[in-house]
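*Asks:* Here are the chains, one letter per residue:
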Amino acid sequence: MIGQAAAVIPSGVSPDGMTSPDQAAVSVRNLDVRFGDGENAVTALSDVSVEIKAGSFVTMIGPSGCGKSTLLRAIADLVPASEGEIVVLGHTPADARRDRNFSFVFQEATLLPWRSAIDNVRLPLEVGGGGTVDDGEPARLLEVVGLAGRENALPSELSGGMRQRVAIARALVTKPKILLMDEPFGALDEITRDKLNEELLRIWQETGTTIVFVTHSIPEAAFLGQQVLVLASHPGRVKEFMAVDLPYPRRLTDRDTLAFVEISAHLRRLLEEC
Amino acid sequence: MSVVSQDSNVRPAGLFEFAERVRYRLPVVAAVVGLLAAWQFIVWFFSIPTYMAPSPIDVVGAFRSNGWMLFSNFWPTLYEALLGFIFGNAVAILLAVWFVHSRLAERAFYPIAVFINTIPIIAVAPILVLIFGNGLAPKIIIAALICFFPTLVNMVRGLKAVSPATLDLMRILSASNGEVFWKVRLQSSLPFLFAALKIASTTCVIGAIVAEWIGSNFGLGALIIEATYNFRAPLLYATVFTAALLAVTLFSLVSFAEARLIHWKTPDAH
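Sequence lines, in order, name chains A and B.
For the first sequence, our numbering assigns the number 1 to the initial residue and increments by one for each residue that follows.
For the second sequence, our numbering assigns the number 1 to the initial residue and increments by one for each residue that follows.
It cannot be assumed that every hint is accurate.
Simulated restraints, written as ranges between beta carbons of each label pair [claimed, not checked]:
(1) S156/A with A90/B: 52 to 60 Å
(2) Q40/B with S159/A: 39 to 47 Å
(3) N152/A with I112/B: 55 to 63 Å
(4) I116/B with V133/A: 47 to 55 Å
(5) N152/A with L253/B: 23 to 31 Å
Using 16 Å as the maximum straight-line C-alpha spacing, the simulated EDC-like pairs for lysine to aspartate or glutamate come out as follows [to be verified]:
(6) K183/B with D119/A
(7) K198/B with D168/B
(8) K175/A with E137/A
(9) K265/B with E137/A
(10) K175/A with E240/A
(11) K183/B with D168/B
(12) K183/B with E126/A
(13) K175/A with D99/A
(14) K195/A with E126/A
A short list of chain A residues far from chain B (calculated; beta carbon distances all over 10 Å) [claimed, not checked]:
(15) R34
(16) E108
(17) T110
(18) E126
(19) R150
(20) F241
(21) L271
Everything labelled a hint here was simulated from the structure, so no lab data went into it.
Even for Gly, the Cβ is constructed at its ideal location relative to N, Cα and C.
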C-alpha cells in the first residue's frame, strides 16, 4: 500500500491542455531557498527534489517551519529559488505565471470587500493582460462551488466557508492547469472543511487540474491526495513522498476504514520523526 | 432605508418609520430646547447686559436685523473654505499616491510635510498675508494648509492598507502596478480618506476664518472681529452660529458622499 507513487488517473480527466498524462506538471530539482543573508540567513528549504505528475492531486504536510508553504510559494514565483531549479509545465515559474498556467488559493479568501462574489471571480479576467471577456464562466463556476444565487453578495455577507468557495471559483476562472492551495481550509471549522474537501475532490475530477495542496491536517492530507509529500523541518527537506492507494471517488466515511486509518497512522509516525 | 414596496400598506409603514425616527431624535431635540431655555433664563434672572452675553432671543433678533450682512459675508468664507478644502486635499491625495509609489519621494518630502504641520496656522497666516496681500488667495491657502496634513497621513496609510496576501494574489495574476492601484489600493484607501475629509470639512472653515482675522474686510472672520470691537454681542453670536452651520453643512456633505461611495464592510480580518 505504501510505496511507489501509482499513476492513478482519475476518471473524467479531460485530455485537453495536457500533452501526456506522464508529463510532469511541476518538477523541482535540488531546490534550496534561503531567506536573508550573512549571519542571519535562514535555510527554509534544503535540496528538495520532487516530481508532480500532470493531473495528479498531491498534498504536502509537515511540522511548522518545514517550508511547505515556502515550497508552494516558490513554485508560484512568490519566493525566488536560491539554488536548484523549478520547472512548471516546461517553463520557469515566472513564465508559467505570466501564461496563467497556475492559480493560487490562500488561507485567507483575499476577496476584495467592495466587489460582489461574481465580480471577485471576474478579477483575474480584468488584470494582468487577462483581457478575456466574461463568457458566463464566472457564473457557472459560482454554481460549481455551490454559490448559485449568491452572485451579488458582498464578501461581508458571506460566511468564511462561502468566501473560500468564491476564492476557489476565482482560481478556476483562468482554467489553470495547476491549482496551488496553501492551507485553504485551515481557518474553517471542521464540518465546513470536510464538506469542502469532498467538493474539492469532485472539482478536481471534473476539471482534471493538477492540485498541489498544503495542509497541517493528517486526515485532510490522506483523504485528498493521491500522493502525500511529507517534509521535515530545520532545514525543510523531503522526508517521504508516499502514495495513497485508495480509490476515487472518496467519501468522508472512507476515513473510518482500516486502510485509511493505517495510512494516517503511518503519516503520524513520519511526522513524529520529523 | 426607505421601504420599496408596491402594495398599498406602504403609507402606514412609512409613517411608522417616521414616528420611530422622531422618537430616536427626541432626546437631542429636548436637550437643545432645554439648554436654550436655561440660557434665556440665566440671562434674564441675573440681568446680564446684552453686550456681555446676549440671550437666545437677542441672537435671533440679530439674525433678523443683520440678515443681509451675514449673508453677504457668508459667501466669501464659504468660497475660501471650499476652495481650500479642494486644493489642500487634492495636493495631499496626489502626494500620497506619489509617496506610495516612490520610497525616495516619501523619505525626502514626508519629514518636510510633518515640519510644516508643526507650525501653528496662526503663525503662518501673517506670513501669507504679507506675501499674497489682502485678497482671497492667502485665505484659500491657509484653509488648504490646514486640510492638507491629516489627509496626507491618512491617504498614505490607506493606500498601504492592503493585506500582503492580496498583493500576492495580484502578483500571481501578473497585475501591473497601475492595476494594483486602480483595482485594489484606491478602494482600500477610501475609508481612511473619508476619515480625513471629515476632519478637513470642519477645519477648512476654521482656516478661512483665522485667515480673515489677520487681514480682511470681508467674510465671517472679519465680521467676528468687527462685532467684538463694537460690543455687538448678538451679531457676534449670530456670526459664530453661521460659521458653525457652514462647517456642519460641509461635514454632512462629506458624510453623505462617504455613505454613497463606501457601501461595503471589511469582513472580519483573521
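*Asks:* Now tell me if each hint is right for this structure.
*Replies:* Results for each hint:
| no. | hint | in the structure |
| --- | --- | --- |
| 1 | S156/A with A90/B: 52 to 60 Å | violated, 31 Å |
| 2 | Q40/B with S159/A: 39 to 47 Å | violated, 56 Å |
| 3 | N152/A with I112/B: 55 to 63 Å | violated, 46 Å |
| 4 | I116/B with V133/A: 47 to 55 Å | holds, 49 Å |
| 5 | N152/A with L253/B: 23 to 31 Å | holds, 29 Å |
| 6 | K183/B with D119/A | holds, 11 Å |
| 7 | K198/B with D168/B | violated, 32 Å |
| 8 | K175/A with E137/A | holds, 10 Å |
| 9 | K265/B with E137/A | violated, 27 Å |
| 10 | K175/A with E240/A | violated, 31 Å |
| 11 | K183/B with D168/B | holds, 14 Å |
| 12 | K183/B with E126/A | holds, 9 Å |
| 13 | K175/A with D99/A | holds, 11 Å |
| 14 | K195/A with E126/A | violated, 31 Å |
| 15 | R34 | holds, 20 Å |
| 16 | E108 | violated, 5 Å |
| 17 | T110 | violated, 5 Å |
| 18 | E126 | violated, 7 Å |
| 19 | R150 | holds, 14 Å |
| 20 | F241 | holds, 25 Å |
| 21 | L271 | holds, 25 Å |
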